[in-house]
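> Listed here are the chains, written in short residue letters.
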Amino acid sequence: MLIILAWRNLWRNKKRSLITISSVLFAVFLAIMFDSMERGSYERMIDSMVKYSTGYIQIQDVLYEEEPSIDNSLLFDQDIEALLAKHADRIDYYVPRIQNFALAATESQTRGSYVMGIDPEFESKLNDLRDDLIEGEFLTSNDQDIMLADGLAGILGVSVGDSIVLLGQGFQGSTAAGLYRIKGIVELKMPEMSNSTIYMSLPAAQWFYMANDRLTSLIVMPRNPRHTSQLASDLRAGIDKEWYAVLTWEQMLKDLLALMKFDLAGSMVMMGILYIVIAFGLFGTILTMMIERQREFGMLISLGMKRSRLAAVVFMESIFISLSGIIAGIMLSIPIVLYFYYNPIPLSGEMAETIAEYGFEAVLPFSATPALFVKQARIVLVLAFVVGLYPIKKVFQLDIMKVKR
Amino acid sequence: MKTLLKISWRNIWRNPKRSLVMIFAIIIGLWAGIFVSSLMFGLLQARFETSIEQQFSHIQIHHPEFIKDRQLKYGIAQWESLSRELASDPMVKAFSGRTMANGMLATATLTRGVNIIGVDPESEALTIRLDGNIIEGTYFEEGGRNPILVGRALAEKTKLQERSRLVLTFQNLDGELISASFRVAGIFQTANNMLDEMNVYVLQSDLNGYVGQEMVINEIALLANDTDRLNEIRDTYLASYPGLTIRTWAELSPELSYIQELGQTMLLVILIIILFALAFGLVNTMLMSVYERIPELGMLMAVGMNRRRIFGMIMFETAFLTFLGAFGGMILGVISNMITGRTGLDLAVVGGESLKDFGYPTIVYPNLGPEFYIMLTGLVIIMVFITAIFPAVKALRLKPAEAVRKE
Amino acid sequence: MQTSFLRFVLFLSATFFFFFDAMAQDPREIIRRVEDNMRGDASYTEMTMTTVRPRFTREVSMKSWSLGEDYALILVTAPARDQGTAFLKRGREIWNFVPSIDRTVKMPPSMMAQSWMGSDFSNDDLVRGNSTVDDYTHRLLRSETMNGHDCWVLELKPKPDTPVVYDKVIYWVSKQYYLPVKVENYDEFGDLASTINFREIKRMGGRDFPTVMEVIPVTRGEQRTILTTTKADFGIKLTQGFFTLQNLTNIR
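Chains as they are written, first to last, in this note's numbering: chain A, 413 to 817; chain B, 0 to 406; chain C, 58 to 309.
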């Protein structure tokens, strides 16, 4: 009964209600846009790191994290295969890798380098290495030739068709040595990587390091990234913990995340301010509304309506207004956010060039996680709630006598 | 005109509560916006200054090959003449030549790769203030054989302390391996933990003694007196020494300039958003106020007040409210900046420790460049104008006859 | 962890020992005699190096020719995969010949700290020689029995110029043979960094010397390297001309 009253009251004064609703709408819209932008950059960076570096989940030898050496490589045996098969419904694909230090030598030069043994097929599912090929051909899965990063090729003064010697320490102290022909050159964005990386096919690298069936890391990519922790713990449960460890990207990127958290905290503050501003705006509107209806309220009360009932009605009115505003705000922002999600704002000028140099796309990304919308809605609702308390107080304090104009 | 102003002014105070709420909202919003922007700006500036001060300086000079492959042999052959020129150049505030070798640092427990930087203590102190960053021990002040300065991050990992003994191994100009023992004279800490782990400082004379016959200088860093003329300075020297690579900090660290630009853009965006939100609230309130007074306005119009005057009255009301709020907000902002700007805020308290890893100092001095205040004022004025228009226009469109009868 | 030890190469070229008047108590003198014993002229030895790690144990066999401190040629004879690999040391430079690719590679400085063939010796250990007589100050602490030998116990401290990471070395010298029995290396905090045991003094190729040398770095897990000499010839005639890059590839 009261609800109907409240609802009708709203539409009695259409303009006023609309104005208030639009105030809330605007607030929600702004908050969502802001949050979306913040998260967009955050998500993109994580995405990059995951794609190019850590993957979502990694299976490693239990000692590898502390001491990343070839001796601490994991054995990719039937048990692991069985484990992966068991959870195949949740795993999108996996990427095996073996990485280690080696000396690269030409006739005239010797240089420390980093060998990455990859399976080109699986690796391509993870990132766009194939697109970075600038000369020659890409590795095949059983290739005996190698690919060099452009920086290293330049330093050694070699190119496609040349051969270089690779020398290093293999598994359990054996000597790793081989002469390899360069099949292709890959352009890597980050200078440290470009000056030192060599790509080999997985079998060739395993042979080189005398590490048959061994990997330094096995990246597992879940079908739904949201289920990462769940999948990781399931894998952990099925694995021999004496030999293996299962790590998630959060563990592997701890430091980066810590920094981002701090960054996020900064923007939280920013948003807090936005909310305060919005709250005040909302408050002002409600206040005006109250003042305007003082006579009406005074009349109702003197006619016998209980104050508590009036208060309830008024409260519900403000809830309705807020809800309408929130829903409208969300509905307005969804298409806009989605648009920018698929078409992020391109940056230009020097800024864009710099970003591109580091391998990132020069855009201002937006996030479209549903949680985003829900979170904002909730906050604004709470705000509206708090602001809505004021009219209640007012109703109880109303002095009927003074109100007559 | 004057009466109009007076009437508008009085109108505002007819409903003190509402007006105050509005003004208050603007004050708070603006002040908070200024504060946060200043914080961010201060952070940006701090990062910038620290990077310049402790790492890049304004301009660096190298042998072109040294940039790709940091080997001792790629020295600046023209060091003598160049240093004389730099010393007598009024645009150059300070400069320092460094000998740089890659090597290994060994203690009883660990061996690590390091950048060995041989410096002349005096000129280095003027250029990157290494002496100010010493947290333990001294800055090459004591006598003693082969003193070395190590960064705190490195000292922690290798358990080094003042007076610890360590062995540096590196290649001399002939490609031979040299090992020599050094004693830790001091431990330094800059804002950049990553660099602190990699760089160790020794006396240039000591290093060159091991390295070969003559003195090799691989890097020259300089500070200029006027930061706006860096390109000019660079070009001047490039003309005289075309074989060398001379770069300004912007070229040395594109990411630094990127962050600067990005930061400033973001600040502006934030301020705009906040102002926008405020404006909206203001428009709403004013609209309400107009509606509330429809009968009254109608009366005024019927009685003969011309529309233009009404328009003006509403405009002024809005303007007053906004200006009061904006003024208050800005004053608060300036005051809070003055206070925090002097003492600084320590961000480590709110979890900013990890900032050090990425080159940010943890103590920040909020401030806002003067351009921002000007821009802000401009924005506020625009905002006032825009917000005032709507309600005023609304008032204009009223039909007196209807209005008077409106409830 | 790589450890620095006293004379890896010297060990390869042990020379005559002198019976000596047991009354020589001057620590410097003692050390000098030990060093004389360990320093050599030419020598040829066959050895097995066992690397012990928590997860595995590996054995490598080799033949070694050396001249003084500055020249050495090592040929790996087992296991099969490493057979034919050879190392040449001249002064402070090392070259590595790998037969499978028929290439000789010079060891760059960045590799010097890396372990040699997976053992607890680093490449740097192979080439660096510090004179225990000249580069350290010596003090006689006491006499005691260690590993079945009656020994002098000496404390050696490196002089400021000496590029050695240890702050202190405790040295057990057999009174009978003037050969090292045990060496303990300490860091500046007084913590033990590594221990070297010299065992099984035998007469081989005309000399007495410890045929087993065991290096134990202080780490968490089971980790050490044991060098066992199975054959030695100290009468061999070698000149500098033997230690060439050509021979590096030709040696069998």
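The set of hints was computed from the structure by calculation and includes no laboratory data.
Warning: the hint list may mix true and false statements.
For each label pair, taking beta carbons as the anchor points, the in silico distance ranges come out as [as the list claims (entries may be wrong)]: (1) B:Met374 - A:His639: 44 to 50 Å; (2) A:Gln490 - C:Asp98: 31 to 37 Å; (3) A:Pro480 - B:Met90: 54 to 60 Å.
Once the Cα atoms are required to be at most 25 Å apart in a straight line, the calculated DSS-like pairs of lysine-lysine come out as [stated by the list, open to error]: (4) A:Lys426 - B:Lys16; (5) A:Lys427 - B:Lys393; (6) A:Lys805 - B:Lys158; (7) A:Lys806 - B:Lys393; (8) C:Lys214 - B:Lys158; (9) B:Lys158 - C:Lys216; (10) B:Lys16 - A:Lys427; (11) A:Lys601 - B:Lys67; (12) C:Lys163 - C:Lys120; (13) A:Lys718 - A:Lys806; (14) C:Lys225 - B:Lys156.
Beta carbons: idealized from backbone N, C-alpha and C, even for Gly.
> Take the hints in turn and mark each one as holding or not.
Do the hints match the structure? See the list:
For the hinted restraint 44 to 50 Å between Met374 of chain B and His639 of chain A, the CB-CB distance of approximately 47 Å keeps it satisfied. Between Gln490 of chain A and Asp98 of chain C the CB atoms are about 58 Å apart, so this pair departs from the stated range of 31 to 37 Å. The hinted window of 54 to 60 Å between Pro480 of chain A and Met90 of chain B is violated, with their beta carbons roughly 48 Å apart. Distance hint between Lys426 of chain A and Lys16 of chain B is fulfilled; the C-alpha atoms sit about 24 Å from each other, no more than 25 Å.
In summary, the hint linking Lys427 of chain A to Lys393 of chain B is supported, as the alpha carbons are separated by about 12 Å, within the 25 Å threshold. Proposed proximity of Lys805 of chain A and Lys158 of chain B is contradicted: the alpha carbons are some 65 Å apart, above 25 Å. Only pairs whose Cα atoms come within 25 Å are accepted, and Lys806 of chain A paired with Lys393 of chain B is rejected, the gap being roughly 29 Å. Between Lys214 of chain C and Lys158 of chain B, the direct Cα distance comes to roughly 20 Å. Compliance with the 25 Å bound is thereby established for this hinted pair.
Note on Lys158 of chain B and Lys216 of chain C: the hinted pairing holds, with a Cα-Cα distance of about 21 Å set against a maximum of 25 Å. As the CA atoms of Lys16 of chain B and Lys427 of chain A are separated by approximately 22 Å, the hinted pair is consistent with the 25 Å bound. Between Lys601 of chain A and Lys67 of chain B, the direct Cα distance comes to roughly 15 Å. Compliance with the 25 Å bound is thereby established for this hinted pair. Simply put, Lys163 of chain C and Lys120 of chain C have alpha-carbon atoms about 20 Å apart, close enough for the 25 Å limit, and the pair holds.
Taking the CA atoms of Lys718 of chain A and Lys806 of chain A, the gap is about 14 Å. The hint holds against a cut of 25 Å. As the CA atoms of Lys225 of chain C and Lys156 of chain B are separated by approximately 22 Å, the hinted pair is consistent with the 25 Å bound.
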